[in-house]
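**Q** The lines below spell out each chain.
2 protein chains.
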Amino acid sequence: MTQLLDLLDQFTHQHDQNRLVYNQDWLANQRDLIFLGQRCGATAIVDDYGNVYLDFPGQINDQPVATGSHMDTVKYGGRYDGLYGVLGGFCAIQQLYEQHGIPKHPIRLISFSEEEGNRFLAAFTGSKYYTGTLQIEKLLDNQGITFDEARRLAVTQLQHLPYVKAQHVALPVTFTELHIEQGPRLAQNNKKIGLVTGIVAQNRYEVTVHGQANHAGTTPMAQRQDAIATASLLMTKLYALAADTAEDLTFTIGEIHVSPNVSNVVAESCRFTIDCRANTNDQLMTFVTKMLQLLEQSKRTSVIETLHVPATRLSDDLLTQNAALATQMNYSYQTLFSGAGHDSQIMSSFVPTTMIFVPSEAGISHAPAEYTKPADLLTGVTLLSASLFMQANGE
Amino acid sequence: MTQLLDLLDQFTHQHDQNRLVYNQDWLANQRDLIFLGQRCGATAIVDDYGNVYLDFPGQINDQPVATGSHMDTVKYGGRYDGLYGVLGGFCAIQQLYEQHGIPKHPIRLISFSEEEGNRFLAAFTGSKYYTGTLQIEKLLDNQGITFDEARRLAVTQLQHLPYVKAQHVALPVTFTELHIEQGPRLAQNNKKIGLVTGIVAQNRYEVTVHGQANHAGTTPMAQRQDAIATASLLMTKLYALAADTAEDLTFTIGEIHVSPNVSNVVAESCRFTIDCRANTNDQLMTFVTKMLQLLEQSKRTSVIETLHVPATRLSDDLLTQNAALATQMNYSYQTLFSGAGHDSQIMSSFVPTTMIFVPSEAGISHAPAEYTKPADLLTGVTLLSASLFMQANGE
Numbered sequence: 001m002t003q004l005l006d007l008l009d010q011f012t013h014q015h016d017q018n019r020l021v022y023n024q025d026w027l028a029n030q031r032d033l034i035f036l037g038q039r040c041g042a043t044a045i046v047d048d049y050g051n052v053y054l055d056f057p058g059q060i061n062d063q064p065v066a067t068g069s070h071m072d073t074v075k076y077g078g079r080y081d082g083l084y085g086v087l088g089g090f091c092a093i094q095q096l097y098e099q100h101g102i103p104k105h106p107i108r109l110i111s112f113s114e115e116e117g118n119r120f121l122a123a124f125t126g127s128k129y130y131t132g133t134l135q136i137e138k139l140l141d142n143q144g145i146t147f148d149e150a151r152r153l154a155v156t157q158l159q160h161l162p163y164v165k166a167q168h169v170a171l172p173v174t175f176t177e178l179h180i181e182q183g184p185r186l187a188q189n190n191k192k193i194g195l196v197t198g199i200v201a202q203n204r205y206e207v208t209v210h211g212q213a214n215h216a217g218t219t220p221m222a223q224r225q226d227a228i229a230t231a232s233l234l235m236t237k238l239y240a241l242a243a244d245t246a247e248d249l250t251f252t253i254g255e256i257h258v259s260p261n262v263s264n265v266v267a268e269s270c271r272f273t274i275d276c277r278a279n280t281n282d283q284l285m286t287f288v289t290k291m292l293q294l295l296e297q298s299k300r301t302s303v304i305e306t307l308h309v310p311a312t313r314l315s316d317d318l319l320t321q322n323a324a325l326a327t328q329m330n331y332s333y334q335t336l337f338s339g340a341g342h343d344s345q346i347m348s349s350f351v352p353t354t355m356i357f358v359p360s361e362a363g364i365s366h367a368p369a370e371y372t373k374p375a376d377l378l379t380g381v382t383l384l385s386a387s388l389f390m391q392a393n394g395e
Numbered sequence: 001m002t003q004l005l006d007l008l009d010q011f012t013h014q015h016d017q018n019r020l021v022y023n024q025d026w027l028a029n030q031r032d033l034i035f036l037g038q039r040c041g042a043t044a045i046v047d048d049y050g051n052v053y054l055d056f057p058g059q060i061n062d063q064p065v066a067t068g069s070h071m072d073t074v075k076y077g078g079r080y081d082g083l084y085g086v087l088g089g090f091c092a093i094q095q096l097y098e099q100h101g102i103p104k105h106p107i108r109l110i111s112f113s114e115e116e117g118n119r120f121l122a123a124f125t126g127s128k129y130y131t132g133t134l135q136i137e138k139l140l141d142n143q144g145i146t147f148d149e150a151r152r153l154a155v156t157q158l159q160h161l162p163y164v165k166a167q168h169v170a171l172p173v174t175f176t177e178l179h180i181e182q183g184p185r186l187a188q189n190n191k192k193i194g195l196v197t198g199i200v201a202q203n204r205y206e207v208t209v210h211g212q213a214n215h216a217g218t219t220p221m222a223q224r225q226d227a228i229a230t231a232s233l234l235m236t237k238l239y240a241l242a243a244d245t246a247e248d249l250t251f252t253i254g255e256i257h258v259s260p261n262v263s264n265v266v267a268e269s270c271r272f273t274i275d276c277r278a279n280t281n282d283q284l285m286t287f288v289t290k291m292l293q294l295l296e297q298s299k300r301t302s303v304i305e306t307l308h309v310p311a312t313r314l315s316d317d318l319l320t321q322n323a324a325l326a327t328q329m330n331y332s333y334q335t336l337f338s339g340a341g342h343d344s345q346i347m348s349s350f351v352p353t354t355m356i357f358v359p360s361e362a363g364i365s366h367a368p369a370e371y372t373k374p375a376d377l378l379t380g381v382t383l384l385s386a387s388l389f390m391q392a393n394g395e
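As you go down the protein sequences, you meet chains A and B in turn.
Per the UniProt record's numbering, residue 1 is the first one in the first sequence, and the count goes up by one each step.
Per the UniProt record's numbering, residue 1 is the first one in the second sequence, and the count goes up by one each step.
Rather than coming from a laboratory, the hints here were simulated on the basis of the structure.
The structure displayed is predicted, hence computed values, not measured ones.
Don't take each hint at face value.
Since the list gives no way to pick one copy over another, a pair counts as held whenever it fits inside one copy or between any two copies.
As the list claims (entries may be wrong) - Mimicking DSS-like on lysine-lysine, the simulated pairs with C-alpha atoms at most 30 Å apart in a straight line are: (1) 75 - 299; (2) 373 - 138; (3) 237 - 104; (4) 104 - 165; (5) 373 - 75; (6) 237 - 373; (7) 138 - 75; (8) 237 - 290; (9) 373 - 165; (10) 237 - 299; (11) 104 - 75; (12) 290 - 373; (13) 165 - 290; (14) 299 - 138; (15) 104 - 299; (16) 138 - 165; (17) 299 - 165; (18) 165 - 237; (19) 104 - 290.
All chains, full assembly: derive it from the sequences and hints.
**A** Structure, rendered in structure tokens:
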């Protein structure tokens, strides 16, 4: 069982986790995963968006049960978000085959290309492509490289690896995603396992305040169109609005871009992002309506919606099955709602989907301090392995 | 008299004005200026900070009268800020020698290396080095290049040009700086010439708010240390404080830097700059005291002063002389106070110093839209030429 820890080390040799989709580190890891799967007897498949599928055989050659997560990270993220579900999924499958031999149905490990939306203004592109729900505009990263350019360059290299099949594959019969919680509840409640009932509704926006660049010393205050003055007031009002809204709403301004961003020049423009989430679509829409009204009152301010993901209810049946297994294996667990978006959110519209969480120390995630105890990582893998065994040997 | 317009074109062949100190465009222009001066009989001198001096002969070989300005620009600035004083100064000297022959005293044209403080966190480094008042810490630009590294690389190339003297030269007996107003007053009052009585007091600060990077969806709002939430509230309060203070105070937040600057990550840190100016030191200090008190109340917030320049009174004698010349030449003029900092502010502590302004259309500066009518540019040059003639033939 040290295999998981060794694999996590091997796949995170870089100190900063910067596997932005289609970059060099991302490519190296998807390639290494393909080699790893092929060495263990899996068929490796890569679709045109760089999703990697490792298909392990069943006694009957029908549609597989699947597990997995995403290979990309946020910029300067942690070691576990996404990667744990890919490598932990791999280890769970290995454990199953070693302990029980070939199951009735095949098992598929999926390493989705992209989920975080950090390189381009589009998130969940891997699972959305897989499920046929991706609509993508022309997107540029901050180096001016288009999504399609980056995608083709990287995916071609993966698809041309030996014995790799380049194709779009059919959906599995179920999907189970193993993931760190990314919040503090399991750790605070001293539980080993979280079983996810549903996933938050999530919208993202990009707000741009337009001003007029001018000299910081000679332009009278009354004659300025200072984009930062307007934007900071807007941001303050938005935070206050969020604080006055439903308790479980999260509201985050994570990115600010100023032009020309020079200390002695009145700002020409100030662009910032909004990430807001709530447990129900109604809660989120109530906030969003007020938020857009507030932004509309500001002159020279434009707003673009960059992400809209409705709240999702995951499979009750799979959750009940996993709860029974956890009880049987003597793992303390609780059911919870996920404040983070996940590929499971996309998958769940098409196949019965469930998620297994393990604790995040201090609830920290999307940061280098992200940490889960090795014993907790292994507990998650063992439960996943038992769950996959049940699913792959069922009717 | 089309020489000035041709020279401005030649020296601003790039669409964006990005002559940050010691960069390639800066180097090309200082080099071209040296060649230009040498072709017209000037001795070219370059000191260790890359200030370029073109010394034109007088009948008596004593200390020169001087004119000039700075060669650097702000990022994405305009065509005239700094450069007009250098090339306009050159044309004024040419006009003087052509019309009147060699004057009694020598004349020096100075092209200061740096005034804007845009590449490194230090401004006026050219004139401060010339006057022996520069104290410089180890500074890095946003590529991680040190000030000293950049300086040595660029200056060595200038100092090794043919017939260039590499030395520190003594101060001139007077200094006259020709500059665009960078504000709207001359244009609004329909005046051709501004004669500057003094220059604002100016302080700059860098404020950093420290937070804790975390997941934008899973971290409960009450448990966050969101650097942008704190910073935007601070910025809003600072703008309000500035609005409540003296009428002629200017207050600008021009730069914001967020880390990690990712839409779905709570910000780890948010750093912003403050540029504040007032006509008197007392007015500025009254505001700064309140400002620092406000910032001190904010936890996890640190403040560094990056620039402190007291208000300056320029030479009354030189202004009176220039006013008489303007009247004689039938140029409408007004006296005014400068809201922009200038090399003259540094020079005036050591030698009698004056400034001649020409109108800025719509008062726009530090932006690509910066514009002064050709006729107004030439009026400034003609007045400067007459002023230098008086000064270089006086006692």
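**Q** Could you run down the list of hints and mark each one as holding or not?
**A** Hint check:
With identical chains, the CA atoms of residue 75 and residue 299 are at most 30 Å apart between copies only, with a shortest distance of 26 Å across copies and 32 Å within one. In this homomeric assembly, residue 373 and residue 138 never come within 30 Å of each other (Cα to Cα): the closest approach is 41 Å inside a single copy and 42 Å across copies. With identical chains, the CA atoms of residue 237 and residue 104 are never at most 30 Å apart, being 57 Å at best within one copy and 66 Å at best between copies. Only within a single protomer do residue 104 and residue 165 lie at most 30 Å apart by alpha-carbon distance; the minimum there is 23 Å, versus 87 Å between protomers.
Taking the closest pair of Cα atoms, residue 373 and residue 75 come within 30 Å of each other only inside a single copy of the chain (23 Å); across copies the shortest separation is 48 Å, beyond that limit. Taking CA atoms no more than 30 Å apart as the test, residue 237 paired with residue 373 passes in neither setting, with 39 Å inside one copy and 43 Å between copies. Both within a single protomer and between protomers do residue 138 and residue 75 lie at most 30 Å apart by alpha-carbon distance, with minima of 22 Å and 29 Å respectively. Proximity of residue 237 to residue 290 under the C-alpha cut-off of 30 Å is found in both arrangements, the shortest distances being 11 Å within a copy and 23 Å between copies.
In this assembly of identical chains, the alpha carbons of residue 373 and residue 165 never lie at most 30 Å apart, being 36 Å within a copy and 67 Å across copies at closest. Both within a single protomer and between protomers do residue 237 and residue 299 lie at most 30 Å apart by alpha-carbon distance, with minima of 15 Å and 20 Å respectively. Proximity of residue 104 and residue 75 under a CA criterion of 30 Å is satisfied in neither setting, with 41 Å inside one chain copy and 65 Å between copies. Proximity of residue 290 to residue 373 under the C-alpha cut-off of 30 Å is found in neither arrangement, the shortest distances being 41 Å within a copy and 48 Å between copies.
Taking the shortest alpha-carbon separations for residue 165 and residue 290, neither the intra-copy value of 49 Å nor the inter-copy value of 67 Å comes in at or below 30 Å. Taking identical chains as interchangeable, the C-alpha atoms of residue 299 and residue 138 lie at most 30 Å apart only when both belong to the same chain, with a minimum of 28 Å there against 42 Å between chains. Taking the closest pair of Cα atoms, residue 104 and residue 299 never come within 30 Å of each other, the shortest separation being 63 Å inside a single copy and 60 Å across copies. In this assembly of identical chains, the alpha carbons of residue 138 and residue 165 lie at most 30 Å apart only when taken from the same copy (27 Å versus 55 Å across copies).
Proximity of residue 299 and residue 165 under a CA criterion of 30 Å is satisfied in neither setting, with 53 Å inside one chain copy and 56 Å between copies. Within a single copy, residue 165 and residue 237 get their C-alpha atoms no closer than 52 Å, and across copies no closer than 59 Å, so neither meets the 30 Å cut-off. For a Cα distance limit of 30 Å, the shortest separation of residue 104 from residue 290 qualifies neither inside one copy, at 53 Å, nor across copies, at 74 Å.
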